[in-house]
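Colleague: Grab the two chains, each in its own frame, and use the hints to assemble them into the complex.
Which chain is which? The protein sequence lines are A and B, in order.
Read in this note's numbering, the first sequence has 82 at position 82, and its numbers run on one by one without any break.
Adding 1000 to a residue's 1-based position in the second sequence gives its number in this note's numbering.
Hints listed in this document are in silico derivations from the structure and should not be mistaken for laboratory results.
Using N, Cα and C, we set each Cβ at its ideal position, and we do this for glycine too.
Hints are not guaranteed to be accurate.
Here chain A is said to cover these stretches of chain B; the calculated rule only asks that three of the stretch's residues, wherever they fall, bring their Cβ under 8 Å from a Cβ of chain A [stated by the list, open to error]: (1) 1113-1119; (2) 1176-1189; (3) 1217-1229; (4) 1276-1287; (5) 1402-1416.
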Amino acid sequence: MTGKILVNEQVVPNVHRLVLDAPMIARRAQPGQFIMIIPDAEGERVPFTLSDWDIEAGTITIYYQEAGVSTMKLTALKPGESVHVVVGPLGRPTKIEKHGTVLVGGGCYGLGAIYPLAKAFKEAGNKVIAMLEARTTYIVYNEERLSEVTDEIIVVTADGSRGVRGHIKDGMKVLSDRGEKIDHSHFVGCTFMMMLSAEATKPYGIPTIVSLNTLMVDGTGMCGVCRVLVDGNTKFACVDGPDFDGHMVNWDMVFARKRGYEGEENLAYQFHKCRVDGAISQNAKSQEAV
Amino acid sequence: MSKRRDGLTAKERMAIPRAKMPEQDAQARASNFEEVPLGLTPEQAMEESKRCLECRKQPCVHGCPVGVQIPEFLDLVGQGKFVEAARLIKETNILPAVTGRVCPQEDQCEGDCTLFKKYGGVSIGALERFVADYERNNSIVEIPPKPKPSGKKVAVIGSGPSGLTVAGDLILEGHEVTMFEALHEAGGVLVYGIPEFRLPKEIVKAEVNYLAKQGVDIQLHKVVGMSIAMNELLEEYDSVYIGVGAGLPTFMRIKGEELNGVFSANEYLTRANLMKGYLFPEYDSPLPPGKHTCVIGGGNVAMDAARVARRLGGESTIVYRRAREQLPARGEEVHHAEEEGIDFQLLTNPVRIIGQDGKVVGMECIRMELGEPDDSGRRRPIPIEGSNFEIECDQVVISIGAGPNPLLIQTMPDLEINRWGYIEVDKNNRTNIEKVWAGGDIVTGAATVILAMGAGRIAARSIQAYLTGQPQPGTEEQQEEAS
Ligand SMILES: Cc1cc2nc3c(=O)[nH]c(=O)nc-3n(C[C@H](O)[C@H](O)[C@H](O)COP(=O)(O)OP(=O)(O)OC[C@H]3O[C@@H](n4cnc5c(N)ncnc54)[C@H](O)[C@@H]3O)c2cc1C
Ligand SMILES: Cc1cc2nc3c(=O)[nH]c(=O)nc-3n(C[C@H](O)[C@H](O)[C@H](O)COP(=O)(O)OP(=O)(O)OC[C@H]3O[C@@H](n4cnc5c(N)ncnc54)[C@H](O)[C@@H]3O)c2cc1C
Ligand code: SF4
Ligand code: SF4
Ligand code: FES
Chain A
1 MTGKILVNEQ VVPNVHRLVL DAPMIARRAQ PGQFIMIIPD AEGERVPFTL SDWDIEAGTI
61 TIYYQEAGVS TMKLTALKPG ESVHVVVGPL GRPTKIEKHG TVLVGGGCYG LGAIYPLAKA
121 FKEAGNKVIA MLEARTTYIV YNEERLSEVT DEIIVVTADG SRGVRGHIKD GMKVLSDRGE
181 KIDHSHFVGC TFMMMLSAEA TKPYGIPTIV SLNTLMVDGT GMCGVCRVLV DGNTKFACVD
241 GPDFDGHMVN WDMVFARKRG YEGEENLAYQ FHKCRVDGAI SQNAKSQEAV
Chain B
1001 MSKRRDGLTA KERMAIPRAK MPEQDAQARA SNFEEVPLGL TPEQAMEESK RCLECRKQPC
1061 VHGCPVGVQI PEFLDLVGQG KFVEAARLIK ETNILPAVTG RVCPQEDQCE GDCTLFKKYG
1121 GVSIGALERF VADYERNNSI VEIPPKPKPS GKKVAVIGSG PSGLTVAGDL ILEGHEVTMF
1181 EALHEAGGVL VYGIPEFRLP KEIVKAEVNY LAKQGVDIQL HKVVGMSIAM NELLEEYDSV
1241 YIGVGAGLPT FMRIKGEELN GVFSANEYLT RANLMKGYLF PEYDSPLPPG KHTCVIGGGN
1301 VAMDAARVAR RLGGESTIVY RRAREQLPAR GEEVHHAEEE GIDFQLLTNP VRIIGQDGKV
1361 VGMECIRMEL GEPDDSGRRR PIPIEGSNFE IECDQVVISI GAGPNPLLIQ TMPDLEINRW
1421 GYIEVDKNNR TNIEKVWAGG DIVTGAATVI LAMGAGRIAA RSIQAYLTGQ PQPGTEEQQE
1481 EAS
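This is chain B alone, in the form it adopts within the complex (with noise of 0.2 Å):
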């Protein structure tokens, strides 16, 4: 890395406060779906950016799931070089402004920065999130020169963050790249799931239209084992990556679930995002406005649930069987959440749901407390005896997890999975199946945005050995070769 200019010393980097995010109002924002962080300044960022120590190790970057080269982008930040800064991560990270935004950066490049015990660390995902911004909004977004055809053809099925990155990856190679998406917009979870007052949808679009700019052929509303048979897929294609996420939902098999009001957390997410149903009666797909909404679970789906019911304009409940440390939502999020006005059930969980017409108006919970560690290594919230209690609700939403996407794989009868569904990879994402290639939620479970696009990138690697009849990465014979 080049010299520092700044000429800060270690102390003066220490003393320099970390950067305030300005926020929407809390107030004003409970009852809108405008981002609630609105971004840093540039002055803001180029101040924070100076906090980074450059520590030989770099924590950071073996903290976060791609490596993303932080100490050096941080230094373009602070000489003011934004749009460089952007291209400088997207060598690693194709969806910054994506991940600036989403990913849980207090577990992963932040958490593990030398400043975060003592000072909070450098404000990574903020910057991130900057310069991806600057860039959208000030540059031309260059699409690189057209690469010389391969002649080889690539499937990529499903365009949540896993397949966009196969796909980005790919027809920089050279090589035909079609895109299969079963609904009607491209983006996977970040058009369906994540609200728009977290991850504006604009984003996402940019980034599908810069992959089609270069030539990614997005064909929407392919559901592949149905529209369109693997096999066909096989036959036509020269590889295939199946990217299509872990969207099936789970219900709690408790009583009253089939009561109108119990929606699954993709039911309601998907009403709201995709359908655009806080829009309704302008648009179809309604999503009435609960007087009470309670969730179940604790992660950021969960969290997303219940700020939406806020929105639509009732109280809004999460009730989790844990404890407060225990949530598995980013903390950004469930500070936010508090701050709208959410209440928080801790160490409660449902017994039953409880329906008067075909319709919810309670439900019953018990109380938990912590118990031994479990496998997970948490402590296991178990039932206190006797402390069941009724909340008066007239919406549920079930947040508790997701399986695997079942409608592909049950066609491919041959296809190895393991005994959760999920399909069985290699360490470079390969399938039991010749030419195919898996990653993402499919193949770890509901996971992150920025560890689908880590196992988007390994399959891509892989996939470009493959079609130029190179080693496979990782494998002695490629070692040799590279030594």
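Isolated chain A (complex conformation) (with noise of 0.2 Å):
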């Protein structure tokens, strides 16, 4: 059944990996398209990138980071439960081309992401090297698959326990000083790492293209809520996106908007919390809500 769930199992710590049953949507996907997911019947709509798919077997990957109330309750589904609905392939397919050399970079559920992105540019006849960040050694995760697909992993975190030590930019001038010419960039990660990256890219002009994440409600161009200015152009990450020009995005609207209903996400997760928790029965949470 279309939402079954085959896998769901912590990689690192708050990283998890999600199986799900879904063969149309494995049938359709295509690199840098995402998918939503209603975790139960009162749940939000929330996008996850595509992060691997089998068309044979027609199932879905998604690498997801426990981040508030949704997150949290995909966590508690055990395999052979369903998630409420799953909706995709949603946005648009990151263009894939033969440039040369390609960088693509991740960071948290990044690493998961890059998988197909990566996977597409080297059949596309690219070198592909990857730049996994992460803040220390062991919550580096999916350096074995990705390996199957790249040239090179370059390994950077910020405590320095492995690899470069320190961020993306730190990355490039070490491919800057061994001599290496990037010509297309690809970042997927947390708003904050992929601004990070983007202005990395800058000095040595390369192409970038970064995967957004906005917040969505309906994710088909309905609602407006993922609106974003590129090179002063209202887009709508879900429909016009989620990929866009690094250098052309206006990062302060981005996280402005996404930090526009902080107080009510930590209140429901607050509020989910305690309900797990059992300190809120049923009758005292309708009463609370209104």
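Modeller: In structure tokens form, the structure reads like this:
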């Protein structure tokens, strides 16, 4: 049944891999696209990047971080159970071309999400370098799978516990120091990481695509909550993106708009946590909601 | 029509006062999401129906875009045959419980009623609603016997009122009908846009269930163009109907629109209705109550947003650039909004939205005056120089119209569209592509529920003719055959 959970496991602290039965989505999935999941009947529509799929098995894979209510609800689901709704694929597929040498950079869920990009760029005849950014060694994941489709993997850790110490920009420096010419780059991860990565490629003049992860409600171009300014034009991330030119994105606006519901998100998280913990009874909860 | 039994004279009919719809108290309802008009009682309904003069020329019927047989159904109401009345209406209008509530009756059936000017039109909408509710609540809704399978397959894209009509009409002809809907509930604007207090979702659900019981295969969360390609549908189905609506929100391109606290009406209403944001945190999608919400625009959508804002507990203001008489919303909604304490800033236009730390703190507006008539025949509002002023507010909802839903059309380069992006069709709602019909808001631009249903009916007839090898309705061939 569509939406049935086959695997739901924590791969490194706070990053989970979810494999769902979704043959129709698997059949149409392309690199750079996303799906939306509604975890349960009261849930929000939450976007996640398609990080792998298997047309024959009819399955799709996403990596997610527990950030708030929706992702907390996901972690609680067990194989055999189902998510309430899964819809997709959505968004425009990434433009895959032969550029020469392509750098795909990932942070947090991006370590999982860059896999289809790396694979497609490789298949298009590029030399592909993956750069994995993590706070520390033990939260690096997906290396093995990525190594199948890349020419090189560079690990960058903030604490220097492995690979290059620092962030994407420090990794960029290593590449430039050894005279590596990068023709194209693509980054997936938290907003901050994508912004800093775009800043890092700019001095080298490397064309840079980022997969924006704005707030979304419908994901079909109907509500406008996902609007971003790109080169001064209003774009909807769900239908015009999620890929945009990282050097043209108005990052201040992206950040400001993401904070739009911070207070409510915290409230919802606490509310749900209390409910899970049994602190709010079914009756008390409905009263509180009014 | 059979002779009426009550034997009243025209004079006696005109002497009956127009029924007053019982309503939830304005104070109470301003803080709940329950329906505002409570519905007529059976006695009221029978009495009101007797006001009909049975005019020979039936101006009311001409005023109705789908030509509901109004005097005939009113006669049945007068005899207490409510279920029969509902079924009669359904011959032309499959969603009377919806249209009775949301049609702009004063511009259509009731506005053209002979009694309108002097006595107030017969309450056709309220009666339509009454009999439909009565049928739903008091009778076993009969599922028509399964027609002989035709062996033909029809795909309907979009489950708004136009898609529902096409599906409902064609399932009766024995075709296999599949309806694709992008969102997780069927009904289009009826579920994501129009709020609960104006159209209880229960009603839409019942109608959708009725179609499902008749055998319509309803495929939710399938975005045609993304989840399934149009080409695949064209291969698998004998006809395809596109009813994807005009859901693309328009922004104003004024300063400050990116600020937090600025919503499109679609976002605001979708959070409220489809995602049940008013039940947050019980439901996960938040819809934070504003202290003061300014809604820009004057249509039904704007009234709905303003009334939702009021119900969430804040002050609520409509900012509209023309005068009160020009408000495009249904009269009843404007009246209800006023009763609920919504402030109207008319002849006022926003200039910019003012922000602090990324959040809305106010809006600068300018006063307008009416100049010469424009293309639409309405006097054009022109800004009064130097009349700028600021309104303090923490939310702004932009409700100045919508554009065509682009997702599907983008994937169909050969489809003929006009310069605003709406689909071009002939008088039978056929597009330039073989096997493909379109109707509703995606053809006309944002219009009304009943017009979308009317378009669905026209398309369904044309599809039926096509599938059975008959001449197209309205062609010479067809007329010859009919005579
Ligand atoms: C196209 C797209 C693809 C995405 N792909 C993935 C993916 O593959 N894996 C994944 O884990 N997440 C992904 N995201 C982000 C994910 O949708 C959000 O993290 C999600 O809102 C979390 O929901 P929640 O209810 O658990 O947390 P919320 O309650 O919504 O948020 C909790 C906290 O996280 C912050 N937050 C909210 N949205 C985001 C966001 N988009 N990015 C970062 N922080 C956010 C909030 O400000 C808040 O502080 C994607 C987003 C988009 C738009
Ligand atoms: C807030 C609001 C209040 C209104 N009030 C009134 C009123 O009081 N009276 C009145 O007569 N009219 C009113 N209207 C207008 C009326 O609702 C519309 O004219 C009518 O719903 C149009 O019907 P439709 O079938 O063309 O499309 P819609 O109702 O817009 O339905 C289109 C459906 O298609 C789906 N869709 C879009 N793209 C795809 C795709 N690619 N694949 C699958 N599905 C897709 C959408 O999700 C949607 O469900 C109101 C509109 C709004 C927004
Ligand atoms: S469908 Fe609308 S216009 Fe027609 S009779 Fe009913 S309420 Fe009036
Ligand atoms: S116009 Fe009014 S009075 Fe005349 S038939 Fe129609 S509803 Fe009756
Ligand atoms: S998420 Fe609603 S328009 Fe993009």
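Colleague: Does each hint fit the structure? Answer for all of them.
Modeller: Now the hints, each set against the structure:
1. 1113-1119: violated (count 0)
2. 1176-1189: Satisfied; 3 residues make the cut.
3. 1217-1229: holds (count 8)
4. 1276-1287: Answer holds; 9 residues pass the 8 Å Cβ test.
5. 1402-1416: Result for this restraint: holds, n = 3.
Taken one by one, the earlier hints fail for this structure only at number 1.
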